[in-house]
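Q: Residue-level listing of the chains:
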Amino acid sequence: MGTQSETGHRDTETPRKKFLLCVSVSLWLIPLCVLCTLCVVAAQTTQAPSTKLPPMSYVCPMPGDEEVIEDKPGRCRKCGMELVPARLDSVWTCATRPLVVVESKPGRCPVDGTPLVQVTASVTWTCADRPSTNALQPGTCPDGTPMVKKYAARAHGNHNPQHGGQFLMAPDNWHHIEGAYLPGGVFRLYVYDDFTKPLPLAQMRQVSARIVTNQRFDAATRATKEISAVPLVRKGRYLEAQIGKLPLPAQMTAKVTFKPKDPEHVFDFAFEKFSKEPVADPRLTSATPVEQPSTPRPAPAPIPDAAVSTSSSGVDPALVPVPIPETVPEMLTQLRTRTEQIKTFIDRGAFASIYVPAFQAKDLALALDERTSQLSGDRRKIMEPAVARLVRSAYLLDAFGDLGNKQQIVDAFRLFSDAVKDIEASFAQGQPR
Amino acid sequence: MSRLDRKGRDDRKEFSFFAALARFAVFVVVLGLGAMFSSWTGEAHKPITSKYTYNDDVFPILRDRCSRCHVQGGVAPMSLMTYEEAFPWAESIRAELIAGHMPPWNADEAFGRIKGAHTLSPKELDVILTWASGGNPRGALDQKLPPVTLKNDWVMGPPDVALPLPSEFAFAADKMEDTSELTIQSGTKDVRWLRAVDLLPGTPSIVRSAIIYVKPRNDVKETAGNTPEPEHILARWVPGHDPEPIGNGLAHRLPAGAELGVRIHYKKTWQFEAKAMSDRSTIGLYFAPAPGAQELLALPIASPPLPAAGGSDQKVAFSQTLAEDVQALALSPDQVPPNITVQVEAVRPDGSRVPMIRLNTRPDWDRRYWFDRPLALPRGSRIEVTADLRDPDVFSSAFGAPAAKANATRPDAMRLSLTLVPARARPSAP
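Respectively, the protein sequence lines represent chains A and B.
In terms of this note's numbering, the first sequence has 348 at position 348, counting the first letter as 1, and numbering is strictly consecutive.
Count along the second sequence from 1, add 1000, and you get the number used in this note's numbering.
Same shape as in the complex, but just chain A:
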């Protein structure tokens, strides 16, 4: 509700006049609240577009329970601690320097020219001489200067690679890893915590891992036989191994144990090209976020090969409803296209993108389920459970996509494509099965 605009520009005189008018009216007519309300509403409405703050959330302060975010005060549903208020915002920042540069829309990093990535951060207002100040709305510092906006990282707020590699989350929901395949034929593994902060050295020393470049999966016994595997050796803040130059796209699997007695986690990577560490442009090495280059820098690095990019509005593409075609054959065609898309993403190792076509296919299947009146009783009996299996396996693909274990994703995709086949069979011409 502050009057400071996001851009820092001073607004025109009109809102201030309204404000003055409001004050004088309220002086005379305080008992007549209704009129005053209208006045406040008018003033707020006029100013709203430029003064909107990120919404207030209530978050769990317990380390490890940061994913608990509620819309009202109360207790943490995981640990029972009192929730604390926070403003969370979705912003765009440099992949290599999270939250040093902060933009409200996509663009390029002014420091190294790479595309900005979207992260969730908490927003507070602070004073330059009192950095411990963390106000939830803008205000004035004791020295009379306006408070400045500050962004801080949130747990799971940033799932973007920091070194040009591929980023995955471990099933423990806390560790995150990034694998990079460098042009010299070196595989490098970075390990982060839930805030995407590099793991402290003491914890990094406990991590053991190997990189498997060739393995065979026996479907009958469900056992995997490693044919060539190289242990990853710690080099300061990361682990690495020379695996040589494999033909691209190169598939490999990192098998990682975060602590000596922990279970081993499997992370599958598919590199379509060598990973390129984002390099700062020597002309733009200033880490200060305020100064922007006067001319936009031409894009030096290609956009990372994200299979599905977030739409320019910042809206998650999976949440945009897929337009449902009119006829059943068109729906079936679209369903097939989405299924092929998932397969392509799996083959390319773009696991984090799988959920988009999976959820779109789910919506198409649910729309087909509403057309079952065209089907005979026997076919309906195939159709309904098949759609239910498709819904379930779409959510399964969504859950596994974040983990990046290819075998799990392939298993889930088998359930998914079996369900698609049954749906197609129910609508196929001729006799039901």
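Honestly, I wouldn't trust all of these hints.
[Said to hold, decoys possible] Computed list of chain A residues with no C-beta within reach of chain B, every gap over 10 Å:
# : residue
1 : Thr257
2 : Ala365
3 : Ala399
[What the hints assert, rightly or not] Example chain B residues on the side facing chain A (calculated, C-beta under 7 Å, incomplete):
# : residue
4 : Pro1088
5 : Ser1092
6 : Leu1125
7 : Ala1308
If you're looking for bench data, these hints aren't it; they were derived computationally from the structure.
The C-beta atom is built at its ideal place from N, Cα and C for all residues, glycine as well.
With the hints as your guide, set chain B onto chain A.
A: Frame of chain A; chain B shown alone:
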């Protein structure tokens, strides 16, 4: 205020009096219009992406599909009948639905046709999953939902004979699970024919499953080979399950003066941990319309010894050949390891295959699966069972659920039982 700062200190002095008044005015207004104010400036705080709300979309499904267990006093560990009760479990609900654990129906609907499937429709599944993973919105705050209370009565109406268990079962405070095995005298003087047998729990929150059977007389030998014997298991009861009354002139035969065995599995949820509990359930007998019913028989299908858990070969196949023409009615997993996949198919002498059932054997949910229609199988048909002893639950194993623990309790061999009647009625002894 920052605008005032930018304007300069003189201006700030000039405005401070008005600002104080304005603040007071705003305060008065805020007090008077709290509700309106909050709804006006408020917006979705949490990343709510679900278009479905608990009040409008989720509650009706949970009430219709889950309220026999997930209600205050029910056997489930939590009620889901109010928003406050349901939303802390949203993540568990999501996991249980994705893994296919809930609702508890172990038969795969894509294989064979089974009566009374207890499942969610695709749309219902999607509504709950969308809500559970999309911020769990409640809906209108002032919306009052009808209260849902535990229903504990006879699903088929009052039975012809109600037999309370002879004594109360004492469930000790230090135990979380227990089994009681009791005998009841049926008190029948003549042979009676039963179309259904049901159980009414005395304390619904702890009665987890039950088997009601006719106790064999001492002179009767164990069934062996491929000769069907009278079906002595009258009911396999699980919570929320509807008894399946038998019709078409078929019935269970209850010998005169028969003794009924009742084996009840009791389990406490965390709410009753360290509390002493008790139960006295009642058995209900429903008589078939007299007279001249055809008796249900059971044919055992037993496996060779199962391979040890963890070995490379985890598949088992075995079969049973029918010695006469039959109508197959139902299949019961009498003894199967938990968390495995079992598929049963009939192969007729002409080579045609009839899918019967495919089960993911979740523990605690053994029931008798009645085929949608009786399956006519001629003499010489083979009932083929293939089992994959590995846990099919890819979701739980990926997220570290302790599935392997259940598989550690693997029995030496598997046994299923096919409920059938001969195609040509046998003369039955009175």
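Q: Does the CB of Ala1308 of chain B sit less than 7 Å away from some CB of chain A?
A: violated, 14 Å
Q: With d taken as the least Cβ-Cβ distance between Ala365 of chain A and chain B, does d exceed 10 Å?
A: About 7 Å separates Ala365 of chain A from the closest Cβ of chain B, which leaves it inside 10 Å; violated.
Q: When you look at the beta carbon of Thr257 of chain A, is every beta carbon of chain B farther off than 10 Å?
A: holds, 14 Å
Q: Using 7 Å as the Cβ threshold, decide whether Pro1088 of chain B counts as touching chain A.
A: holds, 5 Å
Q: Taking 7 Å as the limit, does the beta-carbon of Ser1092 of chain B come near enough to a beta-carbon in chain A?
A: With a closest approach of 11 Å, the Ser1092 of chain B hint is violated.
Q: Minimum Cβ distance from Leu1125 of chain B to chain A below 7 Å?
A: Holds, about 5 Å.
Q: Does the no-contact call for Ala399 of chain A survive, Cβ to all of chain B over 10 Å?
A: Ala399 of chain A not clear of chain B: closest Cβ-Cβ about 7 Å, inside 10 Å.
Taken one by one, the earlier hints fail for this structure at numbers 2, 3, 5 and 7, listed in ascending order.
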